[in-house]
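Using the sequences and the hints given, assemble the complete structure.
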Amino acid sequence: MAGPSVELLQRIPLFAELEPRELERLSGSFKERTFNAGDTVASEGESGAGFFVIESGEAVVAVGGDERGRLGPGDYFGDIALIDMGARTATVNAESDLHCYGLTFWDFRPLVETDARIAWPLLQAMAKRLREAESATTA
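Taking numbering that gives the first Met the number 0, the leading residue of the sequence shown gets 0, the next gets one more, and so forth.
Think of the hints as simulated: they come from the structure by calculation, not from any bench.
Do not rely on the hints blindly, as some may be mistaken.
Per label pair, the in silico range of CB-to-CB distance [what the hints assert, rightly or not]:
#	residue 1	residue 2	range
1	Glu16	Thr113	10 to 20 Å
2	Val59	Glu31	17 to 27 Å
3	Asp65	Glu18	38 to 48 Å
4	Gly37	Trp119	22 to 32 Å
5	Arg108	Glu23	31 to 41 Å
6	Ala61	Asp96	30 to 40 Å
7	Ala86	Glu66	18 to 28 Å
8	Thr39	Met84	12 to 22 Å
9	Gly27	Ala115	17 to 27 Å
10	Ala132	Gly63	13 to 23 Å
Even for Gly, the Cβ is constructed at its ideal location relative to N, Cα and C.
Okay, here's the thing in structure tokens:
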């Protein structure tokens, strides 16, 4: 099956500035993933190498065992792990059957290394997230 649609990827801030051509190339690197209701998709504190975008279903995000949010179609998680493969900052559990597309660090890195048109907008998006996080901690 094909990866996520260009329209779905454009809704993700990390990819929003990419041209349709780059989004199509990126889409081809995603793998379809399904999780059953109750499955743990990502575990807080464990290393992560994958980024997920949800096509259908719902998931619950918990930090330290406390629910922090819910995710549904068009939402995503694991974007920081996509860059650094660091520890997950939250646990994500499938609330219902979950249909996602996953992208691993090792599939993503070659795209960024070989195409500056992909790399630059991603750097800008990450810089924006860093500024937002810094301003949230000083507010």
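Against the structure, the hints come out as follows:
For the hinted restraint 10 to 20 Å between Glu16 and Thr113, the CB-CB distance of approximately 18 Å keeps it satisfied. Here the CB-CB span from Val59 to Glu31 is close to 22 Å, well matched to the stated 17 to 27 Å. A beta carbon spacing of about 40 Å between Asp65 and Glu18 agrees with the range 38 to 48 Å that was offered as a hint. Checked against the hint of 22 to 32 Å, the pair Gly37 and Trp119 fails, with Cβ atoms roughly 40 Å apart.
Take Arg108 and Glu23: their Cβ atoms lie about 19 Å apart, and the range 31 to 41 Å is violated. Distance hint for Ala61 and Asp96: a CB-CB separation of about 19 Å, inconsistent with the stated range 30 to 40 Å. One distance hint, 18 to 28 Å for the beta-carbon pair Ala86 and Glu66, holds here, with the actual separation near 20 Å. In this structure, Thr39 and Met84 meet the distance hint of 12 to 22 Å, their C-beta atoms being roughly 18 Å apart.
The given range of 17 to 27 Å is respected by Gly27 and Ala115, whose C-beta atoms sit roughly 19 Å from each other. Against the hinted window of 13 to 23 Å, the Cβ-Cβ separation of Ala132 and Gly63 comes to about 18 Å, which satisfies the hint.
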